[in-house]
Amino acid sequence: MLAYLVRRLAWGVVTVQGVLLFLFVLFFLLATPDDIARKAVGEKAPQAVLDQWKQNHGYDKPRVWNPAAPADTMLFDHFRRMLSFDFGNSDADDTPIAERLRAGVGPSLAFTLPLFVLEIVFGVGLALFVAFFRDTAIDRTATVLAVLAMSVSTLLYIIGAQYVLGKLLRWFPISGFDPDPSVIARFLALPVIVGLLSGIGSDLRFYRTVFVEESGKDYVRTARAKGCGEGRIMGRHVLRNSLIPILTQVVVQIPFLFTGSLLLESFFGIPGLGSVTVDAINANDFSTLRTMVYIGSLLFVAGQIATDVSYTLADPRVRLG
Amino acid sequence: MRGRLWAVACAALFALGACTNDPYPDADASLAIFYSTFEEPPKTLDPQVAYSVNDHAVIGNVYDTLLQYHYLKRPYVLIPGLLEEIPAARALPGGRVAYTLRLREDLLFHEDPCFELSAPGARTRPVRAADVAFAFERIGDPAVGSPVLETLVKISGMRAFGDALAKRREADASFAAQRIDRQYAEVGGIAGVRVLSERELELVLDEPYPQIRFWLAMPFTTPVAWEAVARYDGREGRDLFAEHPVGTGPFRLTRYEKRARIVMEREPLWYGARHPGPPGTVYPREGEPQDAARGYLDAARVGRPLPFLDRVELRREKEDISAFTKFLQGYYDISGIPKESFDHFVHEGGLSPEMAKSGMRLAKAVGPDVYYLGFNMDDPVVGTPAKERGRKLRQAMSLVIDVAEFSRLFMNGRGIPAQSPLPPGIFGYDPDYRNPFRQVDKPRAERLLHEAGYPGGVDPATGRALRLHFDTPATDTRSLLTFQFWVNAWRSIGLDVEIAATSYNQFQDKVRRGAFQIFQFGWVADYPDPENFLFLLWSGMARSKNGGPNTANFQNARYDALFEKMKARDDDPERMRLIREMRSILEEDCPWIELFHSEGYALYHVWVDAPKPAGMAFAVDKYRMLDPAERARLRVAWNRPIRWPAYAFAAAAGLALIPGIRTWLRERA
Numbered sequence: 049m050l051a052y053l054v055r056r057l058a059w060g061v062v063t064v065q066g067v068l069l070f071l072f073v074l075f076f077l078l079a080t081p082d083d084i085a086r087k088a089v090g091e092k093a094p095q096a097v098l099d100q101w102k103q104n105h106g107y108d109k110p111r112v113w114n115p116a117a118p119a120d121t122m123l124f125d126h127f128r129r130m131l132s133f134d135f136g137n138s139d140a141d142d143t144p145i146a147e148r149l150r151a152g153v154g155p156s157l158a159f160t161l162p163l164f165v166l167e168i169v170f171g172v173g174l175a176l177f178v179a180f181f182r183d184t185a186i187d188r189t190a191t192v193l194a195v196l197a198m199s200v201s202t203l204l205y206i207i208g209a210q211y212v213l214g215k216l217l218r219w220f221p222i223s224g225f226d227p228d229p230s231v232i233a234r235f236l237a238l239p240v241i242v243g244l245l246s247g248i249g250s251d252l253r254f255y256r257t258v259f260v261e262e263s264g265k266d267y268v269r270t271a272r273a274k275g276c277g278e279g280r281i282m283g284r285h286v287l288r289n290s291l292i293p294i295l296t297q298v299v300v301q302i303p304f305l306f307t308g309s310l311l312l313e314s315f316f317g318i319p320g321l322g323s324v325t326v327d328a329i330n331a332n333d334f335s336t337l338r339t340m341v342y343i344g345s346l347l348f349v350a351g352q353i354a355t356d357v358s359y360t361l362a363d364p365r366v367r368l369g
Numbered sequence: 019m020r021g022r023l024w025a026v027a028c029a030a031l032f033a034l035g036a037c038t039n040d041p042y043p044d045a046d047a048s049l050a051i052f053y054s055t056f057e058e059p060p061k062t063l064d065p066q067v068a069y070s071v072n073d074h075a076v077i078g079n080v081y082d083t084l085l086q087y088h089y090l091k092r093p094y095v096l097i098p099g100l101l102e103e104i105p106a107a108r109a110l111p112g113g114r115v116a117y118t119l120r121l122r123e124d125l126l127f128h129e130d131p132c133f134e135l136s137a138p139g140a141r142t143r144p145v146r147a148a149d150v151a152f153a154f155e156r157i158g159d160p161a162v163g164s165p166v167l168e169t170l171v172k173i174s175g176m177r178a179f180g181d182a183l184a185k186r187r188e189a190d191a192s193f194a195a196q197r198i199d200r201q202y203a204e205v206g207g208i209a210g211v212r213v214l215s216e217r218e219l220e221l222v223l224d225e226p227y228p229q230i231r232f233w234l235a236m237p238f239t240t241p242v243a244w245e246a247v248a249r250y251d252g253r254e255g256r257d258l259f260a261e262h263p264v265g266t267g268p269f270r271l272t273r274y275e276k277r278a279r280i281v282m283e284r285e286p287l288w289y290g291a292r293h294p295g296p297p298g299t300v301y302p303r304e305g306e307p308q309d310a311a312r313g314y315l316d317a318a319r320v321g322r323p324l325p326f327l328d329r330v331e332l333r334r335e336k337e338d339i340s341a342f343t344k345f346l347q348g349y350y351d352i353s354g355i356p357k358e359s360f361d362h363f364v365h366e367g368g369l370s371p372e373m374a375k376s377g378m379r380l381a382k383a384v385g386p387d388v389y390y391l392g393f394n395m396d397d398p399v400v401g402t403p404a405k406e407r408g409r410k411l412r413q414a415m416s417l418v419i420d421v422a423e424f425s426r427l428f429m430n431g432r433g434i435p436a437q438s439p440l441p442p443g444i445f446g447y448d449p450d451y452r453n454p455f456r457q458v459d460k461p462r463a464e465r466l467l468h469e470a471g472y473p474g475g476v477d478p479a480t481g482r483a484l485r486l487h488f489d490t491p492a493t494d495t496r497s498l499l500t501f502q503f504w505v506n507a508w509r510s511i512g513l514d515v516e517i518a519a520t521s522y523n524q525f526q527d528k529v530r531r532g533a534f535q536i537f538q539f540g541w542v543a544d545y546p547d548p549e550n551f552l553f554l555l556w557s558g559m560a561r562s563k564n565g566g567p568n569t570a571n572f573q574n575a576r577y578d579a580l581f582e583k584m585k586a587r588d589d590d591p592e593r594m595r596l597i598r599e600m601r602s603i604l605e606e607d608c609p610w611i612e613l614f615h616s617e618g619y620a621l622y623h624v625w626v627d628a629p630k631p632a633g634m635a636f637a638v639d640k641y642r643m644l645d646p647a648e649r650a651r652l653r654v655a656w657n658r659p660i661r662w663p664a665y666a667f668a669a670a671a672g673l674a675l676i677p678g679i680r681t682w683l684r685e686r687a
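One line per chain: the protein sequences are F and Y, in this order. Residues in the first sequence are numbered from 49 upward in steps of one, following my numbering. Residues in the second sequence are numbered from 19 upward in steps of one, following my numbering.
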């Protein structure tokens, strides 16, 4: 298992390096530092201010090759900063990017954690319920509803929920965020409901397929033959033996709980890391954007490895190697 | 198990009962809090750097300026701010001029731990003339990157100060590591900024520049405590000065989550709170003649100490619709009007009767700006080298641009058609003036085109429609659609204009090389003076020669001479005469096709006193007044939750689960 992990980690490192190189080409070779600088200093700022800004941010250096000082290039700076987790300052407002990450994690988790837990509870619970009634009207209705739910765009859920639950019924604030414990729940309710609605269709379909497949296996027939109740079979035997595909779906999402959701955070005004990414895109804030993409790639690699490891914990028969 | 199910069901019903769309804590309902929104977070709160409206929405409240604008008088009138009086120019030998700035007595900075740097345990200290000098030095410091440095190099020794500083820093690392005020002191400060006493400072300019007074009414020149800049350096977990203002204004920044929420609270140390009476510390007693009738001079406000609000709270709203819905629910006090809802709220330029019935009010303000189409006057076809032919071509192209129709199609009818570069509210603006080439007249345009040697728009050299280029750095669909409107207008007289949309850098490169013909730009005034508009066509600011904002590269010796005279004068009849002559030169030469001056529409709820519309972006929050009790009452009335659908949904979900529950219970039995 150790050898497997080392191998996966090594591939992970290669993947991340590739992402970094791609980011550099995209942000600093295809775009020019002048674009970034002009956006930051504003249209009215004279050329001297723009030049000073480029100098302050290290964008005045040769981009790839500097024969006089090979380490004094934007490419070298880019790799050095990212690999040493010294993300530097935002191109848009000079604030330390690490500070923005710290400030954004809390709001992101405040919304993604409950959503993550509820998605599992509702997804697995409803799928068990539907699989329990497989090939009945309940199963068919649920499947049709799930396909319908999957077919609707998240944007429509957002606008619909804001209109119906926020504007017409006045249950929740239509958007916003306040970490104050006395009011935080009312802000999170709507995005969590929307997240749940937009994800429940695919979760239900996936888990139902897993449970139905599992419930047709020999050991389930044996349990039934021995007189074991259907509820007990589903809740205890089928659920436990379906853990591997469930883990595949679930564990890989855990690292991304930290990075939040681009769409939901943006529409509901949650100042999390998803919102930071969208702001960075809108402001041509390449230094923040590359950090977010880099962290995303690290989390992706970590999620993949964690999923593999979780298999061995869920099923002792699984051997990595 | 059944007990647990009941507990969950009861908890859910309880949570539903507590549902509310109120985004604010209950305790805030009785406070005079002004709620508004922002879309993009401020870039910086460093007063010497901040230049955007978003920045100034905070800075304008937190920092007082040396001078300020009278809240009610129009055209805009300067009144003292931190200074005791408006400084007068004093002529010096060699064409230089001097101003003596005298600070009010007993001005204090807001409380902040940074003042421990100057005295252990100190939380504040008086504002001194040295703090004003420090602000000017920061403008001159190249490392600060102040966008107004190029304008204020007219201050004697400003450029030399920056150069000396940069040179010392480059040569000596230990100098660069010193405290910032010591660095400035060691290079000798700015020669033209002399501290005369604790409260007096002399400002010397190399040339007459009456507009300097307007710069004193902007946050760029507001005094700054060196302690704040030295302490808030962003190192070892400390804030950045650009995020941690230590000001002198009527509000202090108490919460700065700039991507979500900005909160400013009434500042007890503010000069006006401790010494109400001088201009800018109490609500004005006089304004324009019509102000009494408009309710701006009602007894409830006049002469009362400012500010009226306990707090200003700005919440970030990225989506127009969310912000507007919350405004309609009463959770914001002011709102713009989303394009989609415009016709529902505005009828024939006023508020629709339905909305007026709710007590809502509509306020309009014309921006101190001008949007225009420009010709590159260096171009051999549309510019000066084409002489009479080029001039007639430009005039013809101007005569087919129908701004009223453009405004109707793209701006919901908002915007005042521009006849000259000067917008309303600026000295020199003449509401009765009609530029003969800015009236739509297609037959005349065709005649002029014929006289220019392009009959029917055909270039005799090629036998085809004259081909011109419209260059732009905007590539989004909406912008391209608006450009197409101009192109179609020119096509109607036979001209073939191609839109060349490129990246910003490519566009800048074209402008630098002079490889462009027609462009569209806008200009928002820094200060309410005609000089700030008419300099856009002064040859000293020509883009091709000096890299200035005269992108049309318009050069006219007579215009330049008139400009030089006009800019050095106060507002008087002679200045008006000069402006009229300049205007007629522009009318005839037509380097611009003036389009419009923007017009902002804002909606206010019944409980807010709408402030006097101000095109210039200056802080008006201290003059705002609202009735929190009325707001709380209406919010409750407008936002009672409708709960029955939740109960219906819960019942339906329960029914759907019944088969499963029955099976489960049967198996357990």
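Treat the hints with caution; some may be incorrect.
Unchecked claim - Each computed DSS-like pair below joins lysine-lysine, with the alpha-carbon atoms no more than 30 Å apart:
#1 LYS109(F) to LYS185(Y)
#2 LYS87(F) to LYS583(Y)
#3 LYS185(Y) to LYS405(Y)
#4 LYS109(F) to LYS528(Y)
#5 LYS102(F) to LYS382(Y)
#6 LYS87(F) to LYS172(Y)
#7 LYS102(F) to LYS528(Y)
#8 LYS405(Y) to LYS87(F)
#9 LYS563(Y) to LYS109(F)
#10 LYS87(F) to LYS563(Y)
#11 LYS585(Y) to LYS215(F)
#12 LYS215(F) to LYS172(Y)
#13 LYS91(Y) to LYS630(Y)
#14 LYS185(Y) to LYS215(F)
#15 LYS172(Y) to LYS185(Y)
#16 LYS185(Y) to LYS102(F)
#17 LYS102(F) to LYS405(Y)
#18 LYS357(Y) to LYS375(Y)
#19 LYS87(F) to LYS109(F)
#20 LYS91(Y) to LYS585(Y)
#21 LYS185(Y) to LYS87(F)
What the hints assert, rightly or not - Derived DEER-like restraints, expressed as beta-carbon distance ranges:
#22 ILE679(Y) to MET49(F): 19 to 27 Å
#23 GLY139(Y) to GLN65(F): 48 to 56 Å
#24 LEU203(F) to THR500(Y): 37 to 45 Å
#25 VAL73(F) to THR500(Y): 52 to 60 Å
#26 LYS382(Y) to GLN65(F): 56 to 64 Å
Note that these hints are calculated values from the structure, not bench results. Where is the CB? At the ideal position from N, CA and C, for every residue including glycine.
These are the hints, each one checked on the structure:
{"no.": "1", "hint": "LYS109(F) to LYS185(Y)", "verdict": "holds, 20 Å"}
{"no.": "2", "hint": "LYS87(F) to LYS583(Y)", "verdict": "violated, 36 Å"}
{"no.": "3", "hint": "LYS185(Y) to LYS405(Y)", "verdict": "violated, 48 Å"}
{"no.": "4", "hint": "LYS109(F) to LYS528(Y)", "verdict": "holds, 24 Å"}
{"no.": "5", "hint": "LYS102(F) to LYS382(Y)", "verdict": "violated, 40 Å"}
{"no.": "6", "hint": "LYS87(F) to LYS172(Y)", "verdict": "holds, 27 Å"}
{"no.": "7", "hint": "LYS102(F) to LYS528(Y)", "verdict": "holds, 21 Å"}
{"no.": "8", "hint": "LYS405(Y) to LYS87(F)", "verdict": "violated, 38 Å"}
{"no.": "9", "hint": "LYS563(Y) to LYS109(F)", "verdict": "holds, 28 Å"}
{"no.": "10", "hint": "LYS87(F) to LYS563(Y)", "verdict": "holds, 24 Å"}
{"no.": "11", "hint": "LYS585(Y) to LYS215(F)", "verdict": "violated, 54 Å"}
{"no.": "12", "hint": "LYS215(F) to LYS172(Y)", "verdict": "violated, 56 Å"}
{"no.": "13", "hint": "LYS91(Y) to LYS630(Y)", "verdict": "holds, 10 Å"}
{"no.": "14", "hint": "LYS185(Y) to LYS215(F)", "verdict": "violated, 61 Å"}
{"no.": "15", "hint": "LYS172(Y) to LYS185(Y)", "verdict": "holds, 21 Å"}
{"no.": "16", "hint": "LYS185(Y) to LYS102(F)", "verdict": "holds, 18 Å"}
{"no.": "17", "hint": "LYS102(F) to LYS405(Y)", "verdict": "violated, 42 Å"}
{"no.": "18", "hint": "LYS357(Y) to LYS375(Y)", "verdict": "holds, 22 Å"}
{"no.": "19", "hint": "LYS87(F) to LYS109(F)", "verdict": "holds, 19 Å"}
{"no.": "20", "hint": "LYS91(Y) to LYS585(Y)", "verdict": "holds, 22 Å"}
{"no.": "21", "hint": "LYS185(Y) to LYS87(F)", "verdict": "holds, 28 Å"}
{"no.": "22", "hint": "ILE679(Y) to MET49(F): 19 to 27 Å", "verdict": "violated, 44 Å"}
{"no.": "23", "hint": "GLY139(Y) to GLN65(F): 48 to 56 Å", "verdict": "holds, 53 Å"}
{"no.": "24", "hint": "LEU203(F) to THR500(Y): 37 to 45 Å", "verdict": "violated, 26 Å"}
{"no.": "25", "hint": "VAL73(F) to THR500(Y): 52 to 60 Å", "verdict": "violated, 34 Å"}
{"no.": "26", "hint": "LYS382(Y) to GLN65(F): 56 to 64 Å", "verdict": "holds, 57 Å"}
The structure does not agree with the numbered hints 2, 3, 5, 8, 11, 12, 14, 17, 22, 24 and 25 stated previously, though it agrees with the rest.
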